[in-house]
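Student: Could you slot chain B onto chain A? The hints should help.
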Amino acid sequence: MKLNIDGLLVYFPYDYIYPEQYSYMLELKRTLDAKGHGVLEMPSGTGKTISLLSLIVAYQRAFPLEVTKLIYCSRTVPEIEKVVEELRKLMEFYAKETEEVNNFLALALSSRKNLCIHPEEFDAVGRQVPLPAGVYNLDDLKDLGRRKGWCPYYLARYSILHANIVVYSYHYLLDPKIADLVSKELAKKSVVVFDEAHNIGKDLQRLWLSGMSEPFLAFPEGLKKDFKMSKRLEKLLFSTDNVCIDSMSVNITRRTLDRCQNNVDTLQNTIQRIKETDAAKLREEYRRLVEGLKEANVARETDVYLANPVLPDEILKEAVPGSIRTAEHFVGFLRRFLEYLKSRLRVQHVVQESAPQFLKDIFDKVCIDRKPLRFCAERLQSLLRTLEITDISDFSAVTLISNFATLVSTYSQGFTIIIEPFEDRTPTIANPVLHFSCMDPSIAIKPVFQRFQSVIITSGTLSPVDIYPRILDFRPVTMASFTMTLARTCLCPLIVGRGNDQVALSSKFETREDFAVIRNYGNLLLEMSAVVPDGIVAFFTSYVYMENIVASWYEQGILENIQRNKLIFIETQDAAETSMALEKYQEACENGRGAILLSVARGKVSEGIDFVHHFGRAVIMFGVPYVYTQSRILKARLEYLRDQFQIRENDFLTFDAMRHAAQCVGRAIRGKTDYGLMIFADKRYARADKRGKLPRWIQEHINDGSLNLTVDEAVQLSKHFLRQMAQPFSQVDQLGLSLLTLEQLESPEMLKKIAQIAHQT
Amino acid sequence: MASLSEEVLLVVKKVRQKKQDGTLYLMAERIAWGPEGKDRFTVSHSYSDIRCQKISPDGKAKVQLQLVLHTGESTTFHFANESTSRKDWEAAKELLQQLLPKFKKKANKELEEKNKMLQEDPVLFQLYKDLVVSQVISAEEFWANRLGGINNGESAACENKQEVGISGAFLADIRPQTDGCNGLRYNLTADIIESIFRTYPAVKQKYKENVPHNLTEKEFWTRFFQSHYFHRDRISTGTQDIFSECARQDEKGLKSLVTQGVKNPMVDLLSLEDKTLDEGYGISSALPSTSHASRTVKESSNFAIIKRFNHHSAMVLAAGSRKRDVPADQASETSSTDGNSRDSDFFQPPLKKVKLQEAIEYEDLQQENRPKTVALNLKKSDRYAHGPVPLQSQQYTTSQDIINSVNYIKHEMSNYKPNLTQVLSSAAASSAIAALSPGGVLMQQVAQQAINQMVPTEIQAELKHLYVAAGELLRHFWTCFPVNTAFLEEKVTKMKSNLERFQITKLRPFQEKIQRQYLSTNLTGHLECMLQAAYSKFHIWQTRRMMRKT
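Protein chains in written order, with my numbering: chain A, 12 to 772; chain B, -9 to 540.
Honestly, I wouldn't trust all of these hints.
[What the hints assert, rightly or not] Dumping the calculated SDA-like pairs for lysine to any residue here, alpha-carbon to alpha-carbon at most 25 Å:
hint	chain 1	residue 1	chain 2	residue 2
1	A	46	A	26
2	B	245	A	598
3	B	253	A	151
4	B	343	A	24
[What the hints assert, rightly or not] Chain B stretches covered by chain A per the calculated footprint, using a threshold of three residues with CB under 8 Å from any CB of chain A:
hint	region
5	236 to 249
6	291 to 298
7	303 to 309
8	346 to 352
9	464 to 473
Just so you know, these hints were derived from the structure itself, not from any lab.
Ideal Cβ positions, reconstructed from N, Cα and C, are used throughout, including at glycine.
One chain only, chain A, in its complex shape (with noise of 0.2 Å):
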C-alpha cells in the first residue's frame, strides 16, 4: 500500500499495517526531519524493520541530496541476512508498483570469514568495478564473485562507499580498529540505524574466546589448545560491557607480553636486516614522521573522515617525539615499557588505579613520558608499513599493548586499570591479569553521533528509554516507546512467587542451595511440561546455578519425570554444542514430541535465537537474572556510572536484570499471531520497582491477580490461557483493531488511537 506519513509517499510492500507500524514511521520522519538523533523502542514482531526501511527508503528518493545513505547496523548475520531480505521485498514492490527501474544499489557487509570464497588463494580483485545496482545478500556476493572470479569481501568494501543502504555489524562501525579500515570514508549526510541497539550490550569476551578470531587462527597450536579449554570453563560474567566498551578495553596477561616480546624481537631483527639492505626506506620514514601527521590532521578538519576515537585530537598537531622518531629507538622504547608492564604483573595483591596515576608511576619508575607513550599506536602502524610486513595478525601483541599506551595516555577518565595477581575462584594458582577497563562507552560511540546526521537507536526492549543517551552520551530529538496493539491477550505473563507449600520462590543468593526451592522449580517445570504443546524454554540465571539446579533435579527424579512428558535439552557453554542441542530441540517441537530446552539469561541462545510460535509456548525465567557483581570491573563501572551519571548502582543492576529477563521471555513472542506464556518464578518481580522496569508492552499484561501465584494457581491460569489461544485466530479477527487496512488508517478516530500509541518520554 501507499502511504502519507506526514506528507511523504511511502511504499509499503503489505497488503495491511500494524497501528504501530504507522506511529513508528510518524516518529522517525520527525527525526529525519530534524535531522538529530532518536531512540525507539518497539515490541519485536510488529514489523520494525520494514517500517524503519520502507520510510528511510522513501525519505531518500524525496530528498536525495538530504540523505545519502542508509547504514544499517545490526547484530548477528542471521540478523543482517533478514535485514537485507526485507529489504529485497521493498525494492520487488518498489518495482512493482513504480515501473521503472531503480538504480538503488543495498548490500551486506559481513566479516572475510563470512563473505570469503577463495580461502586459499588470496584475491583482491574486485575493489575497482561498480556493483550495478540492487540488492545484494552475503550469498549473492559470493555468487557474484564465484562468477567473476572478485573477492566478494573486497568489492562488499569497495561497494559500500557508493552504495544507498549498507547492512553490516556494529562493529564496523563502533570498533576503533575495523571502522578505521571499512567506514572512515562513509559520507557525513548518512543515517545510522542501531537495531537490537539493547545489544549494544553484549559480551564479546565470550567471543574471543569461541575461537573465530582471525589472529586467532594464526595462533601457534599449543595456544589454540588452551583456548578450547578455557572456552569451557569461562564464567559467565559480563554483559554490562557492550561493543563499545569492548572495543575500548584491554586485558593484559603473562602470555600478552611473552608474545609482544616475541614480536618486539621479531621487529629488531627485522629493523637490523633491512638496515642492511634498504637504509633508505628507514629515513623516508623518518623524515616523514618529522613532518608530523599532517595528513591526517587535514583529513580531520575538512571532515573526509569518521574520527578515530584511538587517535586523538592533540597526536595530530605535533610531530612525533624526537625519542621514539627512529625505527631502533622505538624498539627499544617498546622494550622499556613491556619491562615495565611485566613488573607492573608481578603484584601479589589486587591494585586498582586509573590513568593518571598510572602515568605517574611509569614515570617515576622507567622515565617514560605521557607524550611518546600517547604516539605509540601510530608510530608503531607507521614502523610495521615501513617494514612491508603483511601479516599484521601475527603482531596482534605488541599492536594491543601500543595500543593500550596509546590509549592510558590520552584518556584520563573513563577508564580504569585493575590488576589482579589471580582468579576469584582459584587464589593459589598466579594469573595475573592487568584489565584496562573503559568505564565510558561514550567515548567509543561519540565519533559516530558526532560525524552522522542521525542516529537511530531502536530495539524491543530498551525499557526504560531514557538511560541510553544519559549512558550514551548523546541529546535526542525523539524518544518514544511503542505498545503492541493486539486484537487478542496473546501473551500471558505469571509471577509465580510460592510453591504449592508456600515455600518463597527466589533465585537470591541466601536461598540459593534451598532444596525446597529447587524442588519447588523443579515442579513449576514438571507441572507446566504436562500442561504446555510443543516447545518450553526455561532460562537461568548463571550457568552455574543451572547446572547446580540440573543436578539435585537429576537426583530427585524430578528431570525422568519431565522426561515423560518432553524431551529435555540443556545449553553447554560450548556453542557448536548448544548448536546441536538447539537443532534437535527444535526438530522434536517439529515432529509433535514435545521438548524442554534449558538454557541461561545473557547467554548465547538468550540474545540470538527467537522461539517462534511452536518453538516456543512458554519461557520460564527461574530467578532474577542479576549479573554477578562481585566483579571488580563490574565495580569499577557502577563506580563511574554513579560519579558520572546520577545513575544509582541498584537502579542500574536492577535495570540491567529487568533488561535481560524482559530480553528472555520476549524470545517467545516474535508477532500478533503468535502466543505463549511467560513465567516469571521469583517472587522478587512482584515489586513494583522491579516489574515497573519491565517493557510496557509486558507489563500491561500483568494484572494484580497474577502478581504472587503459587505453582498450582499458574498452571490453572496456563491451562485456561492456552485452551482460549488455541482457538483460530484469522486475519479478520484483527481487521480494524490490531491490522489497518488504507481506508481504515486514513479515518479521523483510527488517526487519533494512532496518535495515542507512541509513548511519549
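Tutor: Positioned in the frame of chain A, the structure of chain B alone reads:
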C-alpha cells in the same frame, strides 16, 4: 504323528496330564505330551496356538504348568517327579518363555489381521458366519484363499506402518526398588530392552558380543545397571567395566554430531556473531586458567549429567526418525565426503533461503495467500448445468464441417415437406401409446419383474446372503479346474459335497420358506442353475476320469 524331522528341544518325563503319567516333549514348533508307554501324542499344541503359560506359585506343593490356548481351552501339566519336579518345571518354563514370544507375534498378527478383515468387511463376516460357523467348510479352507490377500496386504502394511517412537523416559520406567536386603531390583521389560537397544546401539553391540558367550543375560543387565554408564553422574574410574567403551563411543558419536554442525543457519550459534574482537581486547574476567583436571568432582559430574541429557534426547529423537533419515543421510554423506567449504556452500542456500523467508514473513500483514476469486453470478442456472458437453477428440469436427452441416440442415429444412398421407391413423397411434404406457399390454411384463416391491426385505437380504455364500463356494469349486493335482482332485470332490450340503442345509429351507409365503418360486432358480452347472461340470469331469482310469 510325530514326524522325525522335528527337533526335540526338551524331554521331561513323569509329567501328568489328566491324572495320567506321561512324557512332555518340547519341540521346535509345538509342545506335545504322550501317555507313558505309548508312542503317540494325545496332546499336541503348536506354539502359535498358545496364548500364555500359567505357572503355579513358587511355594506350592503341586508343581504345575498351564497352557492357555487362543481358543480359550487350557491344558494343565503336573510335574510329578518328586526329586526333580521343580527343576524340570523351571527348565520347561524357561524354554517356553523363550519360544512363545517368537510364535506369539506371528500368530497374533495373523489373528489380528483376520479379525480386522472380518470387522471391516461385513459381507465377508456374513460369509464367514454362513460357511464356517454353520460348518459348511472349515475355517482353514475359508482362509486358505484369502491368506494370499493377507500376505500381500501385510507386506504393504509393513511399509506403511508407522514406526513407534521411544518414550523419552524409558530409563525412568525402570524403577529401582529396594528388595529389603541392601539390594536393588530393576524391572526390565522387553519393551524397555528394545528401547535401550534402539537408543544406544553401543549397548546392543556389547550385548551381542557378550551374551550368551561371556555373560548370561541377567548378568549383563546387572552389570549394565551397576555401570557408570547408567549412572552418568558418577565419574568413571575403572576400565574393566565393559560399558566404559560404550561411553567412549557415545562421546565420539556426540562429537561427530557436533562437528557435523547444524543444517539450519538460523540456529547456528557459531556463525551468529559477525566480528570478533582480537585477543586481549574487551572486558573480560581473568583468563580462565583452570584446566579440565582441576575441576571439582561435583562440577564435572554436573557437566556429565548435562551432556548425558543432551545426548539421550538426541538419541531418542534419532531412534524415532532413523528409518526415514537413511537416504537423506547418505546424500549428506556423499556431499560431505568431498565436501570442502565451497561444495557445502552450494548445498546450503536453499534451506537458508527458506528459513530466511520464513523469518521475515508477516502472515497477517499479507492478503490471504490464495488468488482472488470472482463470485459466480448465474442468471439462469439451468443453462450452466446443461452447458455444452466437452468434445471428445475423435468427435471433433472442424468449423468448416459445422458450417457445412448447418448449411445442409438449413437446406433440408427449407425443402421440408410433410408427407401427410403416410401417417398412422390417430386411433392406431393412441392404442399403441396405451399399450406402451405402464399398465398397458406391452408393459405388463415389466411390472411383474419388479420383485423388490413384491418380496419382503428380509427375504431379499437372505437371498443376498445365499448368493454371496453360493458364490464363494462356487468360486472355490471352479478354481479347482483344471484338476491336475491330487490335492485339487481331493478338493474338488470336497467342494462338490460342500455344494450339496449347501443346497440341502441352506437353499432347500429357503425354498420351502418362500413356498410357505406363496411367493413365486423362481427366486432361487438362478442359484439352482448355477449349482446345476457346477454339478454337471463335476459329472463330466468324473466320468472322464473314470474313463481314463478304466
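Student: Take the hints in turn and mark each one as holding or not.
Tutor: Hints versus structure:
Under the criterion of a C-alpha separation no larger than 25 Å, the hint pairing residue 46 of chain A with residue 26 of chain A is inconsistent with the structure, at around 30 Å. For the suggested pair residue 245 of chain B and residue 598 of chain A, the alpha carbons sit about 19 Å apart, so the restraint of at most 25 Å is met. At most 25 Å may separate the alpha-carbon atoms for a hinted pair to count; residue 253 of chain B and residue 151 of chain A meet this at roughly 19 Å. Only pairs whose Cα atoms come within 25 Å are accepted, and residue 343 of chain B paired with residue 24 of chain A is accepted, the gap being roughly 19 Å.
Counting residues of the region 236 to 249 of chain B whose beta-carbon sits less than 8 Å from any beta-carbon of chain A gives 4, enough to reach three: the coverage restraint holds. With 6 residues carrying a beta carbon less than 8 Å from a beta carbon of chain A, the region 291 to 298 of chain B meets the three-residue requirement, and the given coverage holds. For a cut-off of 8 Å, the count of residues in the region 303 to 309 of chain B with a CB near a CB of chain A stands at 4, and the three-residue condition holds. Interface restraint, the region 346 to 352 of chain B with chain A: holds (5 residues with C-beta to C-beta distance below 8 Å; minimum three).
Only residues whose C-beta sits within less than 8 Å of a C-beta in chain A count toward coverage, and the region 464 to 473 of chain B has 0 of them, not enough to reach three; the restraint is violated.
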